[in-house]
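Chemist: Take a look at the letters that make up each chain.
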Amino acid sequence: MKGDGARIALLHGAVLALLFLAQFVAGDYVQLSLTRIMVLAIYAMGYNLLYGYTGLLSLGHAMFFATGLYVAAIGTTRIGLGVPEVFLLAIAIGALVSLAIGGLALRASGVAFMIVTLMFSQAAFLTILYFGEYTRGDEGIVIADSIRRFGFLGMTVDLASATLRYNLALALLAIAMGVCLAIVRSPLGHVLIAIRENESRATMLGYDVTRYKLFAVVVSGTLSATAGAAYALMFAYAGSTLASIQYSIHPLLWTLLGGAATVLGPLAGTAVMYAVVDIASGFTTANLLAVGVVLILLVLFFRKGLLGTVRQRWLPWLP
Amino acid sequence: MTDKLILPKKKGLNRRTVLKTMGMAGSAMAAPGFVRYAQAASSSPIKIGFQVHRTGIGAAYGHWYERVTTAAAALINEQGGIGGRPIEIVAEDDGTDPGRGAQVVEKFATQYQVDVAFGTLFSHVVMGSAPRAGELKLPYYVVSEGYHVASGKLNRYTFQPGITDVKSQVISLAPWISKNLGKKVTMIYPDFAFGYDHRDYFSAAIKGQGGEVVQLIPIPPTESSFTRYFPQIPAGTEVIYHVMVGPAVLTFVKELGEYFGSQHPALFGFIDSLEAVDFKSPGLEFLDGSYLWEAYPRFAGASPKPHDTFYRQKVGVDAYGASTSDPADISTFSHMFGCWETLYVIKAAMEAAGYQGAADKGKLIEATEAMTKLAEGNEHPQGEKLFNGKIHQSFGHQNITRIKSGVADVVYRTSIEEGLYEPEADYTKMAL
Chain L
1 MKGDGARIAL LHGAVLALLF LAQFVAGDYV QLSLTRIMVL AIYAMGYNLL
51 YGYTGLLSLG HAMFFATGLY VAAIGTTRIG LGVPEVFLLA IAIGALVSLA
101 IGGLALRASG VAFMIVTLMF SQAAFLTILY FGEYTRGDEG IVIADSIRRF
151 GFLGMTVDLA SATLRYNLAL ALLAIAMGVC LAIVRSPLGH VLIAIRENES
201 RATMLGYDVT RYKLFAVVVS GTLSATAGAA YALMFAYAGS TLASIQYSIH
251 PLLWTLLGGA ATVLGPLAGT AVMYAVVDIA SGFTTANLLA VGVVLILLVL
301 FFRKGLLGTV RQRWLPWLP
Chain D
1 MTDKLILPKK KGLNRRTVLK TMGMAGSAMA APGFVRYAQA ASSSPIKIGF
51 QVHRTGIGAA YGHWYERVTT AAAALINEQG GIGGRPIEIV AEDDGTDPGR
101 GAQVVEKFAT QYQVDVAFGT LFSHVVMGSA PRAGELKLPY YVVSEGYHVA
151 SGKLNRYTFQ PGITDVKSQV ISLAPWISKN LGKKVTMIYP DFAFGYDHRD
201 YFSAAIKGQG GEVVQLIPIP PTESSFTRYF PQIPAGTEVI YHVMVGPAVL
251 TFVKELGEYF GSQHPALFGF IDSLEAVDFK SPGLEFLDGS YLWEAYPRFA
301 GASPKPHDTF YRQKVGVDAY GASTSDPADI STFSHMFGCW ETLYVIKAAM
351 EAAGYQGAAD KGKLIEATEA MTKLAEGNEH PQGEKLFNGK IHQSFGHQNI
401 TRIKSGVADV VYRTSIEEGL YEPEADYTKM AL
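Protein chains in written order, with our numbering: chain L, 1 to 319; chain D, 1 to 432.
Hints were generated in silico from the structure; no laboratory data involved. Watch out, some of these pointers could steer you wrong.
Unchecked claim - So the derived label-pair ranges between C-beta atoms look like this:
id	chain 1	residue 1	chain 2	residue 2	range
1	L	F150	D	E422	28 to 34 Å
2	D	E212	L	I279	29 to 35 Å
3	L	R211	D	G362	57 to 63 Å
4	D	V411	L	F283	45 to 51 Å
5	L	G80	D	K314	56 to 62 Å
Glycine residues also receive a C-beta, built at the ideal position from the N, C-alpha and C atoms.
Just need the whole structure built from these sequences, with the hints factored in.
Modeler: Here it is as structure tokens:
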């Protein structure tokens, strides 16, 4: 709706403003956790664009996340690229990988699409192990502090600075949020939703469904790779565990919890799941049981996820 | 789970207790060491963050790391703590996951505000966590045996003083293998970083002894059947050097036995494959007569040293490396001693630095780096060690054992010098 633009901008702006202000009141640990949550939320937002809005359930997004991770880690430690260059390179390669994988995987649909993405992701995971000479396999790569300290536009940027890192993560989150909002509120986004709701009808209306789906895979994969590169550079590590199936399931759970097809849902889902695991780990080794309980509660009381339910009951304009 | 495992016991006060305490205090004042204890009475505990693999692939190790840590911390507190202050172990599960491990280190540094963190075993968790420890300036003492610390890849705040790294281990073993088992070696190893360390450092070491690795057989970590790899073993192989990690080891040994039958090259393996596994398990019969590397022999032998007996008794492990409370619960004996010894290194370094609190972390780092020798005894039951402060790594004796009827007895103990190598880094040049 046209008149919703102001309140949508206000709501999302308010969330970003709150996150900005949080750094002044939060303790060190909360600040560190929020930094990680924001980076992972970018990953989930990318996932949501494909699953939530386009209706394509991928079980292999860790390969896109890992693309960003390893381009950043290998680019800085082995090739000697600077952080800004490697970050842009990771985004570009993420887009190319998404294009290639999307081109192949979209020949399948439904359950077959899930299986194909899972297979590609497993192949990517094993490739990382196979090229252990360069990736250091399971052990992974540490990015030295000296690499993470660099000059940019006449300033010295030190990614070891918690405050700077927090604000960089916030800026990236704001950009990702802006990209998602722009897409889902545009005619293009409406076509994606139409494909999700009834692909045959969208085809009958004359849309080249495969091209639209490929667009969604590319944007989704690129956002995931961006998050991966940011993760490696900010937290100084890339390892094959972060490319495993577990890390393909994470964004699915975060999106389901926060609310699929809501722009803020993945952020909320990532934050809640992160907090549940973190707090539960303080009491029990069965922290996954706590995750299970949360998911059961979700199914019972918030079938559309937290923000999906909010939209259904109170804020129908929520994008 | 976050536990405060070791805390001073709280007791209610009544008249009887007060009188008893006054009487005991009088005796204690006359006893040696009173001054140190007196300081403890008014001091807050030193918090030690214990990053433990309670779940995930490292859980079998984590279970025993925790048991040893609990025993060592209790003993240190009995002995007066560190610098007269009791220690408090703050343990949290990292799921053997580098992402979660990094969060746990952040939590230790900023939420629990521990004085030091310690105890990480799996290399990928160390690699994921160490950068966070370095950035947060949290002294981080790992018990991993990976070459990551000594390689110079990590940072000034990360140490490995309680266990020898894998590069040193394989270098020290090569002369004995070459002299006693053969010079033509086929290596079977896991196709990931831990296996590459073996491949690279052992290949170079055996070459230095006039031998050669005639075939390298990397096994993918997802493999569950191994027979198809065995035809790659060349006919002239004199020694099969195997390092297999994970639950597939029983299948590996069984299939190797079926492939070779009674005529086979000499077998030399790493105990990593068999930690927490009973040598008498069905399927392991083929290993009878084969040789193993053990950092700390699981079997105490006919005449154990007093400190070995002391350590086993405190941890609750029998002469065969099994739990005294459950003989089926086999320990990770060749790794877990590292937790015990590391806690004593932390104690020694803190006392040498006059550690009082967070402001003294720099002094603690320098005091750890200044260490050179760790004497064999109750504090270092595995044996004496040399510590190289430049690469933050200790070097100890290694043991070659031979399995006979399900028990592995020592046939050779290396000297420390056999495992020394030229340092490739100098952490002391890094800023604090």
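Chemist: Which earlier hints turn out false for this structure, listed by number in ascending order?
Modeler: Per hint list: 2, 5 violated.
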